[in-house]
Each structure stands twice: as C-alpha cells, then as structure tokens.
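Peer 1: Each chain, written out:
There are 2 protein chains.
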Amino acid sequence: MNQRQTVAERGGAGRTGKNGEGAERHEEIHRSISDAIIEHRLRPGARLREDALAEVFGISRTGIRKILQRLALEQLVTLTPRRGASVTRPTAEEAKDVFDARQMIECGLMPEIALRITDDDLRELRDMARRERQALKSGEQSTAIRLSADFHARLARISGNATLADFVERLCSRSSLILAVYGNPGHLGCESHDHDDLIGFLEAGNGERAQAFMGRHLKAIEASLSIVEEEAEAPDLHRIFSD
Amino acid sequence: MNQRQTVAERGGAGRTGKNGEGAERHEEIHRSISDAIIEHRLRPGARLREDALAEVFGISRTGIRKILQRLALEQLVTLTPRRGASVTRPTAEEAKDVFDARQMIECGLMPEIALRITDDDLRELRDMARRERQALKSGEQSTAIRLSADFHARLARISGNATLADFVERLCSRSSLILAVYGNPGHLGCESHDHDDLIGFLEAGNGERAQAFMGRHLKAIEASLSIVEEEAEAPDLHRIFSD
DNA sequence: GGCCGTCGATATGTATACAATGATCGCGTA
DNA sequence: TACGCGATCATTGTATACATATCGACGGCC
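Chains as they are written, first to last, in our numbering: chain W, 903 to 1145; chain H, 903 to 1145.
Rather than coming from a laboratory, the hints here were simulated on the basis of the structure. Any given hint could turn out to be false.
Where chains are identical, the list cannot tell them apart; a pair therefore holds if satisfied intra-copy or between any two copies.
To be verified - Below 25 Å or equal to it, Euclidean Cα-Cα: the simulated SDA-like pairs (lysine to any residue) are: (1) K998 <-> L1127; (2) K998 <-> Q1043; (3) K998 <-> C1009; (4) K1121 <-> Q1036; (5) K998 <-> Q1113; (6) K968 <-> S1094; (7) K998 <-> D1023.
As the structure is a computational prediction, the values presented were derived from the model and not from experiment.
Build the full structure now, drawing on both the sequences and the hints.
Peer 2: What follows is the structure in structure tokens.
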C-alpha cells in the first residue's frame, strides 16, 4: 500500500532539486499542515497517518515524521506513543493557560509596539484587518480565523523581540485550536472592528490605551468560549475509581 | 569508524525492553545533552556529530536526529543545513530579547505565585537555594548554573500556568547559554543570597515586592554580562566593506 | 447469548543502506 | 612560495526494510 508513490515525484521534479530545496519543501509542508489545522480544515482529534501524509506530499515517512514532531513541539498535534499523530484537542485548563499567557505577553508588548510602529507596519496591519473583515463578510470563516491569528502574530513581531513574538505566534495557533473546540459556531473570536480600533490607538502612539484595549479584546474572546469539559471518552469509570 | 558500536548495547539490555522504554530512553538522552549544554560542559559552538552521539548513547542516528531536532526547536542547538548540529551561540540581540522576555514573564508571574505557593513549595525552593549556594561554595560552577536555572523554572511552575512555565524553562536554558558566551568567569549570574531573599517575600505573601525584587534580580544578571559582539570569525572584512 | 481469547491487519519505531553535498588536503603551475 | 584546482573523504539527508505493538473481528467457550 505504501508502495504506491505519487506518480509525479519519482521521475522528474522530485529528484531534481532535491537537496537544496529539501528544507524549504519541508517548511512548505509544515505550513500546509499547520494552516489546515489553524483554519479548522483538520479538526481536533483528527488522525494524521504518516503513510497518508507521505503519499499526499510525495515525500517519504522520514520527512513527515520530522514535521509531525515539530508540530508536536508546537503543541498543534499530539503524538501518542504507539497510536500515531492526531490534531491536539486542548483541555479547558490549557485554554485558560493560553489566554492568560496571551494577556500577559500581548498586552505587555503594546507600549513597545506603540513606540516602534512604522507607517509601513500600519499600512500592512490595516490591509490584514481589511482582508479579515472581507473574509468574514463572505463567509470564509477558515480564512478569517487564520488572518486573525496572523494579525496578532504580525503585531507582536513589531516589538522587535523575536523570542516573545515566537511565543505569541504559537499562542495564537493554539488559540485557533481552542476556538475549534470551545468556540460557538456563529461567533468568531475577534470582533470585526476590534483590530481596526487597535490600529487607531497604535497610530496615535497611545501604548497605554492600546494595552488596555488588547486586554479587553482578549477577555472578550475568552468570554465568548463555552468551556465545558466534555470528557466524552472514558466517561464514568475514572470517576468511579477516583473514589 | 561508526561500526564500533558500544559493547553493551547489542547483546542484552539494549534489545530487551526496547520499545516500551524507548521513549523514556530518548527523554533521558535529551536530558543528558541538555544538561551538558546548560552546565557549560558543551560550550557554544561545539559541534555535535550524529555518529559520535549515536555511538556514545548506543542508539542509532535516527534517534539522535530526533533529539537534535527537538533541541534545535528549543534553540539550544543550531542545525545548519549541510553542516550538522552545534551548540547555539546566542547573539547579543538574542540575549537582550531573552532577558526582556524573562523580565516580562517571570515578574508578571510573581503575584500569582505569591498567592498559590504552599509550604511544600517553600521547603523545596529553600532546598534548591541551599544546594545552589553549596555548589557555588565548593566551586562546582556547572552544578550551580543548572540549579539556578532549575530554581527559576520550578518557581514559574508554581503559578499553575503550564504554558508560561514552559516558556520560562526554555528562557532559563537559553540564559545559561548566554552566560557561557557573555558572562564573566568569576561572576556567576545569580547572587548567592538573592534566591533566599526572594523566597522570603513569597513566604510573606508579598507578591508586589517579590515582583520588584525579581525585576532587579534579572536586571542585575543582565548587567553583569559583557555583551560585546565578538564576531571573531570574519573579522575585518565586513567592516571594510561597510564603508 | 454474551464474553474472552486469539488471529490478522495496520501503523508506528528503529536501524541501516544509499545518495548527495560540502570540506579538506594534496598537487601542479605560475 | 603562494594560489588555484581537483580528488578524496567525512558527514548529513533521504528512503526503505524489518521488528513490534495496538486495534478490530471472528470464533469458541461458558
């Protein structure tokens, strides 16, 4: 079964630029899977079989495993020892932790961002916000969710602190997973005009108000979640044995 | 050369409990390498050849690669595409970012920690601080450095926010690398009594003072560094061409 | 009729073999 | 003597083969 390799790869392009672009190809595949998860095209709990992925992307399992491990470290997928990979299903506790962390970091970054933001940044952010509104209006919820995460990540990047920006990026990805599990269908995380308002404060150089606004923004997202621990899987036995 | 496998592994124990303990074994190796880096037994820039590591730990390159990739994501080692792995040499900019991040997160966590800290926590922290002082006194600088990082990580864990605690743990590991590059030999990062003082504030439930103290503590460490971009590698040419 | 044990299929974990690339060293020539 | 060039070697990147554990289903047994 795993012998059936994708037709195109073997002969031509697959071999040709193999090594130089190998790393970039992996990067690309990582992004593909990552995006699919963030956009909820792969729902939490979905299994990610190595063979299937290897066939889809036309590389061998070795490369897929590497990517899956990276995704696991980013906590987008969960690697169960003999069971393989699946899209992470965040717990209620993780959800709380993630939003607390975002509250601390993203808000804390605002003053610095207000100081350093440039006209180019403002233009780009406005464009992202516009595209996000547009996606929401045309019902492309997947795209809107990803753009929203991108917006927050891009914002953090302006602070100049790459380490914290990486943290924020990962927190936003995980937030997207959390929305998939605990979000209400109609109600997307970010209000459509919030991001524009935030841009306004930053343009005015008002770090304090931006910080406060971001705080409310995140609280609003968190409040919109229906966090009820489902625990549908091993329903009663654990409770019985915990007595 | 790579044929010389470690004597013990092949026949007996290596094969026996192979799978069940495989994951734990990897965890163990990860810790071994990680500790060696944090304790400066592996200095920044040191090359980590896959074959050599595979031989030392008695597993094949496959497992080693997995571990190296994880270390790379934690930014303790750097993976250069065709050159292999080496211990990361943090740049001055990264050093600043890491300490700014620690300032934000560790300080921000203090109030919550002061609220949640238990007697058991206090006892354990005091023990760690004591062992750290002791290691310093007996000149075991490697041990002292690791214990200091452990202390900060353990502290963060008390906050109950696993996500932020993970961040702090990684920041502390990287700080250890930074100390290896920019630290002054005689002057260890943390003053020996600082941690005890901090414990005092936390025991008193005084989150505010603990926060302020942690701020000064981290600033003091940062200030003790000699951050001068060495750039010993391509020494003069760049400067010439920048004219 | 329901439950337990066993068998087969499927997928992962690990090791090894092969290929490609960058580095190092030696040689020839100016 | 120093520089450029070429070959060999060391080391990583990738794929594949084999071993092993888990899950589902079927059949026998109580």
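Peer 1: Against each hint, give a clear statement of whether it holds in the structure.
Peer 2: Status of the hints after comparison with the structure:
Taking identical chains as interchangeable, the C-alpha atoms of K998 and L1127 lie at most 25 Å apart only when both belong to the same chain, with a minimum of 11 Å there against 36 Å between chains. Taking CA atoms no more than 25 Å apart as the test, K998 paired with Q1043 passes inside one copy only; the shortest distance there is 23 Å, against 38 Å between copies. Taking the closest pair of Cα atoms, K998 and C1009 come within 25 Å of each other both inside a single copy (16 Å) and across two copies (19 Å). Proximity of K1121 to Q1036 under the C-alpha cut-off of 25 Å is restricted to the intra-copy arrangement: shortest distance 24 Å within a copy versus 45 Å between copies.
For the identical chains of this complex, K998 and Q1113 are neighbours both inside a copy (20 Å) and across copies (22 Å), given an alpha-carbon limit of 25 Å. For the identical chains of this complex, K968 and S1094 are neighbours neither inside a copy (37 Å) nor across copies (42 Å), given an alpha-carbon limit of 25 Å. In the homo-oligomer, the alpha carbons of K998 and D1023 lie at most 25 Å apart only across protomers (23 Å), although the nearest pairing inside one protomer, at 30 Å, exceeds that limit.
In summary, the structure is inconsistent with hint 6 from the numbered list given earlier, while agreeing with all the others.
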